Amino acid sequence: MDMRTPLGKVRGLGSAKDGTEHFWRQRLTAVSNVFLISFFIIFMVLYAGAPYQEMIAVLHNPLVAIVCAFVILSVTIHMRLGMQIIIEDYVHGEIGKVALLILNTFFAVVVAGAAIFALLKIAFAG
Amino acid sequence: MANVTNNRPLSPHLQVYRLIPTMAMSILHRITGGALYFGTLLVVWWLIAAATGEEYYNWVMWFMNSWFGRLVLFGYTWVLILHMLGGLRHLLWDVGYGFEKEFSTKLARANLIGSIALTLVVWVIGYTIR
Numbered sequence: 001m002d003m004r005t006p007l008g009k010v011r012g013l014g015s016a017k018d019g020t021e022h023f024w025r026q027r028l029t030a031v032s033n034v035f036l037i038s039f040f041i042i043f044m045v046l047y048a049g050a051p052y053q054e055m056i057a058v059l060h061n062p063l064v065a066i067v068c069a070f071v072i073l074s075v076t077i078h079m080r081l082g083m084q085i086i087i088e089d090y091v092h093g094e095i096g097k098v099a100l101l102i103l104n105t106f107f108a109v110v111v112a113g114a115a116i117f118a119l120l121k122i123a124f125a126g
Numbered sequence: 001m002a003n004v005t006n007n008r009p010l011s012p013h014l015q016v017y018r019l020i021p022t023m024a025m026s027i028l029h030r031i032t033g034g035a036l037y038f039g040t041l042l043v044v045w046w047l048i049a050a051a052t053g054e055e056y057y058n059w060v061m062w063f064m065n066s067w068f069g070r071l072v073l074f075g076y077t078w079v080l081i082l083h084m085l086g087g088l089r090h091l092l093w094d095v096g097y098g099f100e101k102e103f104s105t106k107l108a109r110a111n112l113i114g115s116i117a118l119t120l121v122v123w124v125i126g127y128t129i130r
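Chains as they are written, first to last, in UniProt numbering: chain A, 1 to 126; chain B, 1 to 130.
Isolated chain A (complex conformation):
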């Protein structure tokens, strides 16, 4: 009789040995993106084209700044995971694949880092 739980059986499986982690993180950020992107679209509808001072004042609000940071984090994690799948599906040469996977992570980190820095600068320094 097999006493192992379904989850226990799949943990650590796959060629990268991380089981369902990739799938789970993709879904987790998909769910958070639904709420965060909805916020972002509404925010943009309300403030796109607003004068500079007004935009800075809104981004200065801690609640707006925090949620914007969540938007960036959730989106960059999600897009990195998604692009990883696309690369793994279509790029078969080992060197090219690994190079693109590295670039993919770098791109996501640079995008997230730059955006979060900008948000913090506005929030703290104006």
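The hints are simulated quantities; they were obtained by calculation from the structure and are not laboratory data.
Only a predicted model underlies this, so the values are computations on that prediction, with no experimental measurement involved.
Note that the Cβ used here is the ideal one computed from N, Cα and C, for glycine as well.
One or more of the hints may lead you astray.
[Unchecked claim] Derived contacts from chain B toward chain A, CB cut-off under 10 Å, selection only: (1) T40; (2) W46; (3) M64; (4) L71; (5) I81; (6) E102; (7) G126; (8) I129.
[To be verified] Per label pair, the in silico range of CB-to-CB distance: (9) F43(A) / A24(B): 29 to 37 Å; (10) A69(A) / R30(B): 25 to 33 Å; (11) P21(B) / V98(A): 33 to 41 Å; (12) V10(A) / A35(B): 29 to 37 Å; (13) M3(A) / F38(B): 43 to 51 Å; (14) I102(A) / W93(B): 30 to 38 Å; (15) L120(B) / V98(A): 39 to 47 Å.
Knowing the structure of chain A, use the given hints to seat chain B on it.
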């Protein structure tokens, strides 16, 4: 040996499939995901502009307000909403629902129509309140 392989059934290829709604929306989901990957640069550009200062921010706003900028942002909105609705479809499948042939086809159509409708709603509201 040549005769044996000659008469084997061939596995269907992209060229012999008729493109059906679920297939079209499947590849569109991936294409829009890839586009949004680079579209994130627009968001970062806007945030960096706001953090840099008034002069640069106004220049970026001038660009985004131009007909070209608006076209890009309109496309970005549509792609974003299309991918989001596609994602909701995926979440539905993940919990085990929506695999029936008729229903999944309807859902694929609804995904496309819904994305266009929602994009128009967002932009009409945007133009109305500005």
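Results of checking the hints against the structure:
About 6 Å separates the beta-carbon of T40(B) from the nearest beta-carbon of chain A, less than 10 Å, and the hint is met. Look at W46(B): its Cβ gets to within about 9 Å of chain A, closer than 10 Å, so that hint holds up. About 8 Å separates the beta-carbon of M64(B) from the nearest beta-carbon of chain A, less than 10 Å, and the hint is met. For L71(B), the shortest C-beta to C-beta distance to chain A is roughly 14 Å, which exceeds 10 Å, and the interface hint is violated.
With its C-beta approaching chain A no nearer than about 8 Å, I81(B) sits inside the 10 Å limit, and its interface hint holds. With a cut of 10 Å, the hint placing E102(B) at the interface with chain A is violated, because the nearest CB-to-CB distance is about 25 Å. For G126(B), the interface hint holds, the least distance from its beta-carbon to any beta-carbon of chain A being 5 Å, beneath 10 Å. A hinted interface residue such as I129(B) counts as satisfied when its beta carbon comes closer than 10 Å to some beta carbon of chain A; here the least separation is about 7 Å, so the hint holds.
A beta carbon spacing of about 31 Å between F43(A) and A24(B) agrees with the range 29 to 37 Å that was offered as a hint. As the Cβ distance of A69(A) to R30(B) is approximately 28 Å, the hint placing it in 25 to 33 Å holds. Remark: the range hint 33 to 41 Å for P21(B) to V98(A) is upheld by a beta-carbon distance near 36 Å. Against the hinted window of 29 to 37 Å, the Cβ-Cβ separation of V10(A) and A35(B) comes to about 32 Å, which satisfies the hint.
Between M3(A) and F38(B) the C-beta distance comes to about 48 Å, which sits within the given range of 43 to 51 Å. The hint said 30 to 38 Å for the Cβ distance between I102(A) and W93(B), and at roughly 31 Å that hint holds. Separation of L120(B) from V98(A) is about 43 Å and conforms to the stated range, judged on CB atoms against 39 to 47 Å.
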